[in-house]
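Protein chains in written order, with my numbering: chain A, 1 to 341; chain B, 1001 to 1421; chain C, 2001 to 2541.
The reader is advised that the hints may include incorrect statements.
To be verified - Covered stretches of chain B, going by a simulated chain A footprint (3 or more residues, C-beta under 8 Å):
no.: 1; stretch: 1047-1059
no.: 2; stretch: 1084-1097
no.: 3; stretch: 1190-1200
no.: 4; stretch: 1205-1218
Unchecked claim - Far from chain A by the CB rule (all over 12 Å, computed), these chain C residues:
no.: 5; residue: P2082
no.: 6; residue: S2232
no.: 7; residue: V2374
no.: 8; residue: R2413
Claimed, not checked - Counterexamples of contact, computed for chain B against chain A with all Cβ distances above 10 Å:
no.: 9; residue: V1022
no.: 10; residue: I1066
no.: 11; residue: A1070
no.: 12; residue: G1072
no.: 13; residue: R1252
no.: 14; residue: L1279
no.: 15; residue: A1333
no.: 16; residue: D1337
no.: 17; residue: D1340
no.: 18; residue: D1379
no.: 19; residue: T1395
no.: 20; residue: S1401
no.: 21; residue: S1414
no.: 22; residue: Q1416
Honestly, the hints are just simulated from the structure, not real lab data.
We put the beta carbon where it would ideally sit given N, CA and C, even for glycine.
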Amino acid sequence: MTSQPVRFYQVGSFAVGNRLLDDDARTVQSDSNRTNSIDSGHRACQGCGEALGARYALDAAMRASQGQLVAVNATGCLEVFSTPYPETSWRIPWLHSLFGNAPAVATGVAAAMRVKGRTDVRVVAQAGDGGTVDIGFGCLSGMFERNDDVLFICYDNEGYMNTGVQRSAATPPAARTATTDVVGPEPGNVFGQGKNLPRIAMAHDIPYVATATVADLHDLEQKVERAMEIRGARYLHVLVPCPLGWGSASNDTIHVARLAKETGLFPVFEAENGVVTAVSKIRHLAPVEDYLSIQRRYAHLFGKHPRTDIVARIQAIADQNIARYGLLGDESEDETKWVEA
Amino acid sequence: MLRQIEGSRAVAETVALCRPEVVCAYPISPQTHIIEAIGAMVKAGTLAPCEFINVESEFAAMSVSIGASAAGARSYTATASQGLLFMIEAVYNAAGLGLPIVMTLANRAIGAPINIWNDHSDAMAVRDSGWIQLFAETNQEAADLHVQAFRLAEELSVPVMVCMDGFILTHAVEGVDMLDQSVVDAFLPRYEPRQVLDPDDPVSIGAMVGPEAFEEVRYLAHLRQLDALERIPSIAAEFAEVTGRQSGGLVRSYRTEDAETVVVALGSVLGTIKDAVDLRRDAGERVGVVGITSFRPFPGEAVRDALAGARRVVVIEKAFSVGFGGVLSADVALAMDGADCTLRSVIAGLGGRAITRRSLEELLGDAARDQLEPLTFLDLDHGAVDRERARMTSTRRSGPSAENLLRDLGTERSIQMKDRS
Amino acid sequence: METPFAITLDVGSSRANHTGSWRVERPVYVDRLPPCNNACPAGENIQGWLYEAETGDYESAWRNLVEDNPFPAVMGRICFHPCETACNRGQLDEAVGINAVERFMGDLAIERGWSLPAAGPDTGKRILVVGAGPAGLSATYHLRRLGHQVRLVDSAKRLGGMMRYGIPAYRLPRDVLDAEIARIVDMGVEVELDHNVQDIELERREGGFDAVFLAVGAQLGRRVNIPAGDSSRVIDAVSFLNRVASDDPPMLGRRVVVYGGGDTALDAARTARRLGATDAVIVYRRNREHMPAHGEELEQALGEGVTMRWLSTVDRLDGDKLVLETMRLNESGFPEPTGEFEELGADSLVLALGQDTDLSLLSQASGVVVDDGVVEVLPTMMTGESGVFAGGDAVPADRTATVAIGHGKRAARGINAYVLGGASADGERNELATFDRLNTWYYSDAPRTRRPELERARRISTFDEVVGGLNEENALFEARRCLSCGNCFECDNCFGVCPDNAVIKLGPSMRYEFDYDFCKGCGICVKECPCGAIEMVPEII
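Just chain A, same shape as in the assembly (with noise of 0.2 Å):
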């Protein structure tokens, strides 16, 4: 990625903080004086990575916008568990409307902060998997092309998880959902194309493109950082995992999107006018069972019946991204790979 190696300070090198830099090179979550765009007292369950992955967003895009951000949110777990009247855990300006319409929404208080020359307010939508591949996607596409000056962030935890666990289009192959149960020859969801939208992104040669997860912090901030210093369209696809909704233990959100990048699975990279510009090379590449064995979600592929033909078919899917992005290889090197994905 764009971030230096801090060799010299490698006590807790991939930790939040790091007492031994200097203040302004530390994280944002690192300082005690963060914004915690989403404060407590949320109804997220316990171990929730969206509320993780808007914190650690929203709190960067506040430092990059010197606090002048605002949010716009489409429905979903994190509207619902962030506003339940009379509570509300935003301490920025957000707005909800709708399901689908977070872009469009986004694009009209542009608009506003344009037409009112206060351009030094930014706007940021956020939604989930559901807002954004699936329903939200037509007015998504219509920000995109516009090239409106949003920041639209996508918290992807793969599936309908606030109407109780259904199957989105971003739900992966095989996973169990309530509406893709585990019955029948090919139990959970199909193998279907997919529905990739960072390069459905890039397909819109917006200036900004970049995945993420809430197991890098220091990557993730990078990105809101970068996004902040460039003015159109720009998306963010952050991998949050659902304890609820995956079947995972609360305490290992973080272990198990580590082990979503770590496996080749869940690419990370960044594209910049629809060319990948970086990826993040794995660090310690583990196979998919390693990442798949820890969700219930994925439990009918172990156990007593186990699946390895569909096991074997995830990992082809792992293989195919290390292939593709070139996730292998020494991250120091300094020789980029140019993908077009």
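With chain A fixed as given, assemble chains B and C onto it according to the hints.
Below, chains B and C alone, put in the same frame as chain A:
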């Protein structure tokens, strides 16, 4: 300044005088001329500062308006028919959030069968959305109502829909006295939002509200509409004072003094009805007209007052609730509850069918003779209906009715042509 | 601003909702015992001083270190660093070079003239310390800090014991040793050298000492009966090294054979090389795996041309020929004779077969129990004789300087409790911070820094120090390789990874606390704590 001008153009220029800050639209007939004109003004820089946004759907159009309005910008959009239905979720949302968006609805029928011509089905479909709905009788009124609509919307934090009949008004060129910018500026103060997305004073807008407060939220919306019943006449009066023109208000009566039969209607058809009434008056019949400008909020009291003394009330409306009857009729009936009069419902002009003076005259005659059924479909081709019903009885796979009817009509016409040749 | 009812809400109002009530387990911060600290015979808080060294504040780090051990520069050279053997980082890539950092700080302290903490307020108690080796000097230091008067006696002409007379200068330059000893003496110590204590009881009584610490070491080289025509060609390693250290090296000839497998054998062989021996051969009865000497030392010896005769015992010295018997190891690794013999040319034979303690001074101390040549002691280091404490090589333990330094500290505490009344406070030990408690993802890969070594030519011709020190940059790097096992190092991970913002950051060096009003008990902080300093405990309902 009086100009011969297309209705859409008159509305577009008047909207521009209101200094909207964000305008977005998705094209749909017969609204297109309005947004085309505004788009051109923004691009030319004559309407500035203003953001004109070409969106990918009506759903996005209303959504962009929601965002812009919540961020404190005066927001405008326009649509019609299918477009209104496509944005309906956002239409309700804008009202629920109390965002003072102004939207022109170029009234048009709703498919299927697809039909681009005028009726009021679209407006009626969002009757309960929480928007204020004002119906324009003429292009002059359509233009004037937009100025009043922004004023009203922003005073009350309620969105306002100005309904003007598609094609009949939008595409008609007639004389419109265009307002001066200074007059509009004096009449319409700067938009001061009740809630706004402001980083210096952050709030959360659009919370999830459960059973503990939802009814109160809805009731408060109702109260705001009741407030509008007070504000609409006073704003119209103030407007009249400035411009010398009667535009807007709740209801308008025409020759209702001593009238035994009073026709009630919305929109441009009032003009034709007035002509018919004039003819009937000339023939000595005691008939009059009450035009309803404010359909929502529904001015029950004003309607009752306007209809006081009438023995017969005939509601002519360009929409109906299938399986029930007239929508406006039901509202008028409720307003007249307990009054000593009969109420007749006439459905007319669906899908753009012309409502002719002759048909209206006959209708009024029937009414005066108390020969009207409780529910009448004006100029309905009973023959065509009967043929299709017979076909459906005889054949299971009778095919689509709309196409069958068209085929029948085509056959009839060709026979007529052959006869003529 | 009056905002629309229920549609618009004021920021942060969710703090009224105390989600802590959801919790069934709560995270708590703990301090666990780092394996390095656990392994350090001198009881150093290694993780603690590395933590301070990481910031580059070496003086604070050094002060932390000398709380336990007044010999960083010495130990940074001669300690066999069991801390590094125990270091969890060894399971990740390579152990932290603790010893090298210790030496760097020790040298820096000498260079900058940092002084040890002042002696404590006088208690009026007088303590006699017999033996000025690492145990005696360590006890003296700690006793002075506790405010006791100390009389330190030694039979040698100079202070240092085995550090001076047993360890060759190429491993421990004498200026370093002198500097660190001088710092202790400067605390105000009554020193008497060249004084042989004959009767400890008498000396204690006459001097009016409240307690005695015996740290007489093990100065007697163990001899075995090897038939030799000319016994003058046989010398024990202790005497050999002592004479070299006293500038009186014996003439050993060109072919020197050292018999034994401990570190002393290596010291003897390497010293012989430096004195001009062309052949320095170590004869050991077992093989390399079973050799008690430390691997590093062996590598250095081999690098200097010392050769090894594994699986051999010395049968006899016959003129200038040494007759060796070949051994083999039985199943339990014990050497057995084979009856096969071979000859090896030798001008002299150095016996490095272990040392014994001279305990004749205890003849009148009736309570002292001696078993297998060493003195039995309680955990407080007190012998069976009231007020007589013992430590170092004279008591049963590994005979290393570091162990002796630890004994000195413990004895000082024991003496303190004894003379003032009360119990010796040996704090409760925390649970060990084992490797499985760490989340090592967060530490970047960083192999250890190698200390420079003197080139071979100079190693075999001079007594110059073989192993160099780290410079500031790589000392800092090495310190920062510490994983801080079991002890919060304020990495902000818990503060950052909490989805409920339920961790409060208290500021530099104040660590964190949980906001149990909001902590839902998800456990992410525990799982993602790099150093295992948080644990979940069941909520008591």
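Would you pick out the hints that fail for this structure and give their numbers low to high?
9, 10, 11 and 12
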